[in-house]
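For the record, the sequence lines run as chains A and B.
The first sequence begins at 1 in my numbering and counts up one residue at a time.
The second sequence begins at 1 in my numbering and counts up one residue at a time.
Just so you know, these hints were derived from the structure itself, not from any lab.
Hints are not guaranteed to be accurate.
What the hints assert, rightly or not - With a Cα cut of at most 16 angstroms, we get these calculated EDC-like pairs of lysine to aspartate or glutamate:
no.: 1; chain 1: A; residue 1: Lys191; chain 2: B; residue 2: Glu6
no.: 2; chain 1: B; residue 1: Lys38; chain 2: A; residue 2: Glu334
no.: 3; chain 1: A; residue 1: Lys90; chain 2: A; residue 2: Glu116
no.: 4; chain 1: B; residue 1: Lys38; chain 2: B; residue 2: Asp263
no.: 5; chain 1: A; residue 1: Lys195; chain 2: B; residue 2: Glu6
no.: 6; chain 1: B; residue 1: Lys38; chain 2: A; residue 2: Glu116
no.: 7; chain 1: B; residue 1: Lys126; chain 2: A; residue 2: Glu360
no.: 8; chain 1: B; residue 1: Lys126; chain 2: A; residue 2: Glu334
no.: 9; chain 1: B; residue 1: Lys84; chain 2: B; residue 2: Glu388
no.: 10; chain 1: B; residue 1: Lys38; chain 2: B; residue 2: Asp74
no.: 11; chain 1: A; residue 1: Lys191; chain 2: B; residue 2: Glu388
no.: 12; chain 1: B; residue 1: Lys126; chain 2: A; residue 2: Asp336
no.: 13; chain 1: A; residue 1: Lys191; chain 2: B; residue 2: Asp186
no.: 14; chain 1: A; residue 1: Lys195; chain 2: B; residue 2: Glu358
no.: 15; chain 1: B; residue 1: Lys126; chain 2: B; residue 2: Asp107
If you're wondering where the values come from, they're calculated on a predicted model, not measured in any experiment.
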Amino acid sequence: MSNGPLAGVRVFDLTMWMVGPWCSVQLGALGAEVVHIEQPDVDWSTLGAGVPPLINGTSVGYIAWNMNKRGLSLGMKSPEDRTVAYELLKTSDVFLINMTPGVADRLGVGYDIVSEINPQIVYCAITGWGESGPMALLPGADTPAQYVTGFATGTGVPDGDDEINRHFTQMDATSGNYAAQAILMGLLARKRTGKGQRIHVSMLRAGSALQSVRIGEYLGSGHQPQRLGSGSQNTAPDRAYVCADGELLGLSVTSEDQWRGFCEVIGQPELASDPRFAVNADRVDNREELDGLLEPVLAGMVRDYWLMHLNRAGVPVGYPMTWAELRHHAQVLENDYIVPVETAAWGQVWTGGPPWQLSETPARMFSPPMPGEHSQQILADLQQQRAAAEQPAAARES
Amino acid sequence: MGGPLEGLRVVELAEGVAGPYCAQELSDAGADVIKVEKPGGDRTRGWGSRKRGDVGVAFLSANRGKRGIALDPDSEAGVELLRKLIAGADIVITDAGWSAAAALQYDSLGELNPQLVYCRFSEYGKGGPWADQPPYGELVAQLAGDGTGSLGAIGEPPVRMATDIAGMYAAIYAVMSICAAVYARDESGGQRIDVSLFGSILVMRSTLWVALSNPDEWWGFHLDSYIKPPDTGYHCKDGAIYFSLARTGPEQREQLYRELGMDWVEGDPLFELVKIDTGGGGGRYSHLARPVWERALANFTVDEAIEITRRYGGWAYPKNDYEALVAEAQARHVGVIEAVEQPGVGTLRQVAPPWDFEGTPAAIQGPAPQLGEHNAAVLAEAGYSEAEIARLREDGVLAS
């Protein structure tokens with residue numbers, strides 16, 4: 001039994017690929033009891049959208065996106081299996097699906113049916129583009145969502161082209177996270193109203209919401225974000241600079257206090273009152289001139305010098321880290337940001353520990369199930385429930 | 001009708017993107033949010049050159065639907081006032097740069113209000129050697145967590161995501177954990193939550209960490225991001241598209257070659273790569289095959305290229321900038337953008353909340369507050385008399 005904040009919450013997880021499965025990973029980390037449904041006779045290499053590489057023949061997509069769940073094999077097109085699904089739904093708190101609009105109805109788990117079985121259920125559907133409209137039936141996935149929502153806008157080097165984030169999964173994970181928020185909000189509303197409800201989240205709106213501030217700036221000013229390399233759209237100096245040892249220093253001056261502290265550290269306190277750079281808006285407008293002054297200064301000392309002195313002056317500084325550094329870094333390990341998870345089928349795998357730390361109801365991460373791994377146990381529990389439900393009637397008859 | 005979080009009271013002691021966007025999401029979902037600013041105001045009010053009137057649009061886009069008060073959090077009377085507000089609140093959102101006053105830290109506030117859910121943002125996390133690093137470093141968190149693996153050319157300095165993803169990811173995770181903690185409150189009481197920008201970037205890359213756990217074979221994760229130049233889409237006559245032929249058969253591809261006028265392709269030295277490249281940046285050699293595709297696509301508009309690719313079973317989508325996103329028929333149909341009346345600024349369009357709740361609809365609750373706009377109203381609610389409010393103003397505890 002979990003001690004997480006969602007202990008006792010049961011999730012019926014009819015999801016595949018990433019966006020839905022990632023959503024229920026989060027609910028599982030928070031302590032919910034997630035039953036992940038897989039079709040019988042699955043192909044291990046193509047689970048999790050077949051995303052390479054494989055570990056012991058299983059796509060890393062499946063492993064990464066199904067932590068913190070139990071596995072049940074159900075063919076939703078078979079009448080017997082559908083009966084089992086309906087029985088499970090009676091005692092579930094959350095129903096989650098990520099399929100093209102119309103598929104839930106065809107599988108017999110549209111909201112009208114599910115809410116009749118269980119009016120208190122929080123029913124969440126995730127789609128790519130929305131439930132109606134010209135794109136509703138087109139496939140939704142991370143890359144298309146990046147392209148359509150303008151996620152590359154303003155990302156890239158000044159003389160290049162807008163870059164897509166090649167670490168594809170960000171839009172899937174973002175949409176899954178917004179759906180997890182909505183489910184949690186639905187559970188909170190249920191405490192107040194006593195009723196379940198239907199919720200829908202699309203990748204189109206979730207991916208746009210992730211860019212709320214930048215799109216808001218565009219809508220408010222007509223200004224498309226510019227490609228500034230590592231530079232910020234809004235603050236300066238706020239980019240990566242090359243130091244004397246050739247290493248990169250990431251530096252973010254975002255307030256006037258930090259700017260004064262920075263000017264002290266570089267030994268040019270008079271810069272802080274220079275009218276060209278007096279406040280952030282001036283520094284952004286005169287960015288090139290400012291960089292012309294700062295580049296040689298920052299190239300004059302090694303990175304460790306700047307890290308030490310700027311940190312002491314309250315200026316945010318940092319540097320790029322690789323997997324080789326991250327996986328052993330005290331900051332990562334002491335906060336459980338990347339954690340090892342023991343699995344029977346894939347050995348020890350590393351994954352992101354949740355980024356939140358809850359003081360009273362901590363999160364947990366555990367191995368994904370093999371598809372259908374817990375079928376017998378879950379069906380036996382159902383059998384027991386059935387028997388318990390029938391017992392009083394039987395007692396009356398005798 | 002109210003949103004799903006109707007009845008919850010939030011006090012926001014934060015600035016920048018992460019804390020304010022987190023509180024804005026709670027407001028969109030129906031919570032009553034009081035934003036507290038220091039006398040100088042949230043620094044995003046003065047951000048950049050993108051302003052309407054004299055207010056940074058970034059501020060207006062992360063602070064809608066809140067009431068605002070402005071006070072000196074280091075004055076005794078200011079601290080007392082905040083503690084009065086927090087005593088009656090459900091949720092406090094704060095960040096590492098806001099106030100160091102001991103009476104505003106969790107140990108003291110949790111005693112004052114045992115049911116309080118207190119969420120604190122930091123750069124790098126609650127523990128560890130970097131716990132006390134200066135706050136508000138979006139770039140610092142992006143660099144540390146995202147490294148050079150997914151943006152920029154291999155061997156060149158890393159490029160940052162133009163969207164503030166570290167702050168936004170952290171805000172999204174904070175909303176999740178806050179809702180979960182409120183859900184558990186009846187059993188476990190209030191609690192402290194810590195969320196960091198760095199940790200949020202790292203968890204968003206979980207698939208990569210799993211991929212690096214002793215894989216059967218390794219040449220870069222998923223779409224080979226470690227070994228390829230930046231992916232910028234496939235250029236057509238008037239813009240770029242994403243396309244993928246992963247789900248098409250050989251016959252459909254033959255037809256597609258013909259339709260795109262690629263009769264020269266068999267003589268092209270890269271044809272062998274084109275045959276195994278499914279487009280979309282997906283194949284190991286797609287960056288090498290790209291010029292071949294682009295030679296053909298240069299003769300077609302984005303709309304034509306998308307229509308043709310879809311006709312032969314492929315995936316195709318436009319590479320939109322924000323102007324194109326806002327104009328996109330589907331985006332208009334599902335209501336990606338909504339208008340807010342912002343006093344002193346006029347009608348302002350913003351990104352709508354991303355959830356559809358059929359029972360308890362979420363909605364933008366109103367404009368962003370002016371600095372100290374609701375000082376009198378919020379203090380009166382907290383039991384302060386008009387004379388007391390005037391006194392606090394004279395003493396400089398209240399700003400504006």
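Verification of the hints:
| no. | hint | result |
| --- | --- | --- |
| 1 | A:Lys191 / B:Glu6 | holds (11 angstroms) |
| 2 | B:Lys38 / A:Glu334 | violated (33 angstroms) |
| 3 | A:Lys90 / A:Glu116 | holds (10 angstroms) |
| 4 | B:Lys38 / B:Asp263 | violated (67 angstroms) |
| 5 | A:Lys195 / B:Glu6 | holds (14 angstroms) |
| 6 | B:Lys38 / A:Glu116 | violated (51 angstroms) |
| 7 | B:Lys126 / A:Glu360 | holds (15 angstroms) |
| 8 | B:Lys126 / A:Glu334 | holds (9 angstroms) |
| 9 | B:Lys84 / B:Glu388 | holds (14 angstroms) |
| 10 | B:Lys38 / B:Asp74 | holds (9 angstroms) |
| 11 | A:Lys191 / B:Glu388 | violated (39 angstroms) |
| 12 | B:Lys126 / A:Asp336 | holds (11 angstroms) |
| 13 | A:Lys191 / B:Asp186 | holds (11 angstroms) |
| 14 | A:Lys195 / B:Glu358 | holds (11 angstroms) |
| 15 | B:Lys126 / B:Asp107 | holds (14 angstroms) |
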